[in-house]
Amino acid sequence: MCGYQIQQLYNNWMESGIISILNESSRHFSVLNDEVPFPGITVCSDLQLQNLENLTIINQTLNKEYEDSVNLMCHVYEPNLNIGQHTINSKTWDLVLNAHRIFCEQRVISITWIREKIYVPCQYFQPVYTIYGVCYSLNMVPFRQLLSDDYDQMLSNLNHTKADILKNAKVTAWNPEIGFNKNAKSFNLPWKVTGDTVEDSIIIRFDLKKENTGKHCPTTDKGMALFLHNPIDVPANIQPTAYIAVNNIAYITTTFTLITASESISSWKPDIRKCYHQNERTLKFFRIYTVNNCDIECRANNSLKMCGCVAYYHPRDTNTSICGSENYRCMRQYSNNGYSIFDKYLFNINTTKHCNCLDVCTDIKFQHNVVYTHRNLTKNVKNPKNRLKYIIHFKYYFIFNFNVSFIYLHRILNKSIIVMYYRRNPWSIKRTALIPVNELLGNIGGSLGLFLGASIVSVFELIYFFVVRLYVDRWNEKKKKDLIN
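Okay, so the sequence shown: first residue is 9 according to my numbering, each after it adds one.
Hints in this document: simulated from the structure, not taken from any laboratory.
Keep in mind that a hint or two might mislead.
Each computed EDC-like pair below joins lysine to aspartate or glutamate, with the alpha-carbon atoms no more than 16 Å apart [unchecked claim]:
| id | residue 1 | residue 2 |
| --- | --- | --- |
| 1 | Lys175 | Glu185 |
| 2 | Lys72 | Asp102 |
| 3 | Lys361 | Asp279 |
| 4 | Lys175 | Asp157 |
| 5 | Lys292 | Asp158 |
Okay, the calculated beta carbon distance ranges per label pair [stated by the list, open to error]:
| id | residue 1 | residue 2 | range |
| --- | --- | --- | --- |
| 6 | Asn364 | Ile122 | 26 to 34 Å |
| 7 | Lys277 | Asn183 | 18 to 26 Å |
| 8 | Glu124 | Lys277 | 41 to 49 Å |
| 9 | Ser275 | Asn484 | 40 to 48 Å |
| 10 | Val378 | Asp102 | 47 to 55 Å |
| 11 | His382 | Ile173 | 38 to 46 Å |
| 12 | Asn106 | Lys175 | 16 to 24 Å |
| 13 | Trp276 | Glu485 | 45 to 53 Å |
| 14 | Lys99 | Pro226 | 24 to 32 Å |
| 15 | Asp102 | Phe195 | 28 to 36 Å |
| 16 | Ile122 | Thr381 | 27 to 35 Å |
Small disclaimer: the values here were computed from a predicted structure and weren't measured.
Using N, Cα and C, we set each Cβ at its ideal position, and we do this for glycine too.
Starting from the given sequences, assemble the full structure and let the hints guide the process.
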């Protein structure tokens, strides 16, 4: 009976799993420490391609791939059109994007960081593919340190001049497990919070004009999607945080939660503790593991295996073909859940379950809330120009344990404003065992005491009777035999 009870206690301990609790010891930690960076900022222009009237391709095969490349970029939600190819060669794709995409310099005017104005701002942005097209990311870990050589080379084919701190980065300035590297320089990306005054702010100016773009696509909106995300997450499949539009005010509140793992579960297997440390899981296209990076790589691998190609926003190398319009359905089926309202039979393919993309044991989670208000702010403006300029302005304020950040994004001349409140009310969450080892030992000891009257003395008694006494008896028996002989 006692053995059965102990077995039940052990089984319950094995099945109890992990819980997340509020870490009160660091509840009021300061964001000015070496743990928390600014979030990554990614912007995606609605207008993706320009000067399409200059499409002059003689080769017929190349021309079809060229047209289907334009089709995919211009009709994100209508991929299965008459102009369709099964696959698109990566070189053809790069040719289209380098000739016709909207460049960073056409959208970003300047950056002001800690009162220092950067007049060539785009060198600090890194081009990246997302489901919204070609986008530009600021304050991310340099791709040279974040991505594999093949993935980085593929993105480098998008002609874009980068600053030396991005091109020549040899050490990752920030890692979620160790925080900021002590050897990192102050201007290395990602940037961290340095104070709570105007001097510690970031200002980014955007230009959203449509003029001088010729025949372009899409032909409707002219705004930009704004993403705030972890600096080590590639936003290929992340949903946008806000939308930058004319005469709109967006109020965005952002909070973050710092997640750590208890030392008591560090020696457990990842499948039991339900999370990975950075040295426990490697990815093909990423040097730093996150759930998002693992998920998008898993979807790309499934698509390549089943369809022979990947989506243009999937991680890939320079030799991997891009799925054309004719292969879009296959790619969608095997890189997503495979569900469609037009399917004759209802079925569901779980395409990512086998990838085992567990959480990261040490991580930062950002949460955002957005409220939009439409207001005509162009009235009473003298001589408004056609140029649309926007500013993103980050300020940090700390009031006891209630930390607030403001992001002002407004159009200078036409007075369109987006206000983003970055509320930093930090929480620290710790992963720990639901039933600790010491509690398991206590329960086993209690069961032994209840059924057998056992105590700590009983341990020494067992050692005496089954080890010492047995050894002594055998030694005495051997001694008697020697005397007889």
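### Query
Failing hints, ascending?
The structure conflicts with hints 1, 6 and 10, although it agrees with all the remaining ones.
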